[in-house]
Amino acid sequence: MQFEYQSLVAINPVTLIAQICNLFIQLFLVKKFFLDKIKAILDQRRAAADLEITDAQAAKAEAMEIKATYEKNMQEAKAQANEILDRAQKTATVRGEEIIRQANDEAAHIKQKAAADIAQEKKKVLNDAKNEISGIAMTIAEKVVERQLESSDHDKLINQFIDKLGD
Amino acid sequence: MDISINGAQVLARISGVPIFGTVDITMTLIMSWVVMIIITGVCIWLTSNLKVTDISRKQAVAEMGYEFIVNFVRGNMGAEFDHYIPLVCTIFITSIVSNLISLLGVWSPTADLMTELAWALVVFVLITYHKIKSSGIGGYLKGFLDPIFVMAPINVMSECFTPVSMACRHFGNILSGTVISALIYAALTAANNALFGALASSMVVAVIFAVVGVVLFLVGKKLSKGLFKVLGIILAILGVLAIITILGADYPWLTIGIPAIPSLYFDWFGGCIQAFIFCTLTTLFIKQAAGD
Numbered sequence: 000m001q002f003e004y005q006s007l008v009a010i011n012p013v014t015l016i017a018q019i020c021n022l023f024i025q026l027f028l029v030k031k032f033f034l035d036k037i038k039a040i041l042d043q044r045r046a047a048a049d050l051e052i053t054d055a056q057a058a059k060a061e062a063m064e065i066k067a068t069y070e071k072n073m074q075e076a077k078a079q080a081n082e083i084l085d086r087a088q089k090t091a092t093v094r095g096e097e098i099i100r101q102a103n104d105e106a107a108h109i110k111q112k113a114a115a116d117i118a119q120e121k122k123k124v125l126n127d128a129k130n131e132i133s134g135i136a137m138t139i140a141e142k143v144v145e146r147q148l149e150s151s152d153h154d155k156l157i158n159q160f161i162d163k164l165g166d
Numbered sequence: 000m001d002i003s004i005n006g007a008q009v010l011a012r013i014s015g016v017p018i019f020g021t022v023d024i025t026m027t028l029i030m031s032w033v034v035m036i037i038i039t040g041v042c043i044w045l046t047s048n049l050k051v052t053d054i055s056r057k058q059a060v061a062e063m064g065y066e067f068i069v070n071f072v073r074g075n076m077g078a079e080f081d082h083y084i085p086l087v088c089t090i091f092i093t094s095i096v097s098n099l100i101s102l103l104g105v106w107s108p109t110a111d112l113m114t115e116l117a118w119a120l121v122v123f124v125l126i127t128y129h130k131i132k133s134s135g136i137g138g139y140l141k142g143f144l145d146p147i148f149v150m151a152p153i154n155v156m157s158e159c160f161t162p163v164s165m166a167c168r169h170f171g172n173i174l175s176g177t178v179i180s181a182l183i184y185a186a187l188t189a190a191n192n193a194l195f196g197a198l199a200s201s202m203v204v205a206v207i208f209a210v211v212g213v214v215l216f217l218v219g220k221k222l223s224k225g226l227f228k229v230l231g232i233i234l235a236i237l238g239v240l241a242i243i244t245i246l247g248a249d250y251p252w253l254t255i256g257i258p259a260i261p262s263l264y265f266d267w268f269g270g271c272i273q274a275f276i277f278c279t280l281t282t283l284f285i286k287q288a289a290g291d
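For the protein sequence lines, the chains are L and C, in the order given.
For reference, each letter of the first sequence is one residue, going 0 to 166 in numbering that gives the first Met the number 0.
For reference, each letter of the second sequence is one residue, going 0 to 291 in numbering that gives the first Met the number 0.
Be a bit skeptical, because a hint or two may be false.
Unchecked claim - Beta-carbon label-pair distances, calculated as ranges: (1) L:24 - C:171: 23 to 29 Å; (2) C:131 - L:60: 50 to 56 Å; (3) C:186 - L:16: 35 to 41 Å.
Keep in mind the hints are simulated off the structure, nothing from the lab.
C-beta: ideal position from N, C-alpha, C; glycine also.
Construct the entire structure; sequences and hints are all you get.
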């Protein structure tokens, strides 16, 4: 069978037009079945990735907020603790001073009382001694007077006196 | 022997069509449609069952191809020309598949100048559109008088030759591959006839060749000499093929395998590089036209 061939470099308007049409048909097919589909899936993936990033950013912001709140609370608590400590210290100082003052007062009071007691006692002792001395003097005077009265009884009187002293 | 290198085979001739007169249904058209079906089929197959995460190997390939084309167009033209991605992609894929389909032994649509000329004319229309758009119709026409008015004919010619040169560059490279393949095939057939004409002239020669080959191979193996082994294998194969030829199976044996080596360059490398060049020129010309 004999085939019919075109020449090697043939100008064929029909083929030319047909090939232009083929190019556009192919363009449409490639776009519809390949490029658009891949583009859609890539866009979808990008959107998913973006969503993930947005989520992560939101989570991070939230975490930062929580951290800030926590830090603020911590600071407040610290301040409060300091305040309490300060107050306690102040109270303690005041109380201490008061106690010391009270103690001093009491000590002074006790001292005073003791001094008064001592003075009183001294006075009493002195009075007693005075009384005793006057008594002795009286007694001695009596004895002297008595002896003058009865010299015979001289020895007896002295012994009596000594005995009384011994009591 | 005769070597004939022809254009596309004419399968049917329809006469009496309005406007065109006689319409030839050529192999170019048929193979273009085959290429289109193959491309569309591969596209549908590649993009079936697409997933956002946990993608298949097939989808990874499809996405890689897409990224390649997008990066190619953006690299040459910039992101504002993204709407040319489909055109460049289509020309690129169609060109590669058309060039490589010749490896299957069928007519390649790109071996017909009309195919490349069709693409180049589309590109030419786009180039002209962008030139007029960027500098106005007056500016476009004035551009032909640059730098002086006597240059006008040369400028017009250079403008018209843009698509012609684009088409012819691609066509010429594919054609040279086709021509050289035909020449190599013819040369190998001739060499085959000469070789086996001598070898297969008598059974004795053929058998001697085969036996000597086997002996040489065995000796080479025993002495562990590579040269003997290779020589032995070649002689043995020639002898066996000669015997087969004598027994009636006459075939140009040398044309098996050997033409694949030059085809590696002319079909594979040339086919891919021409598709790439055509698309590079398309993008650069359009960019240049829009930029001025």
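Okay, the hints, checked on the actual structure:
1. With their beta carbons about 26 Å apart, residue 24 of chain L and residue 171 of chain C fall inside the hinted range of 23 to 29 Å.
2. One distance hint, 50 to 56 Å for the beta-carbon pair residue 131 of chain C and residue 60 of chain L, holds here, with the actual separation near 52 Å.
3. At roughly 38 Å, the beta carbons of residue 186 of chain C and residue 16 of chain L sit within the given window of 35 to 41 Å.
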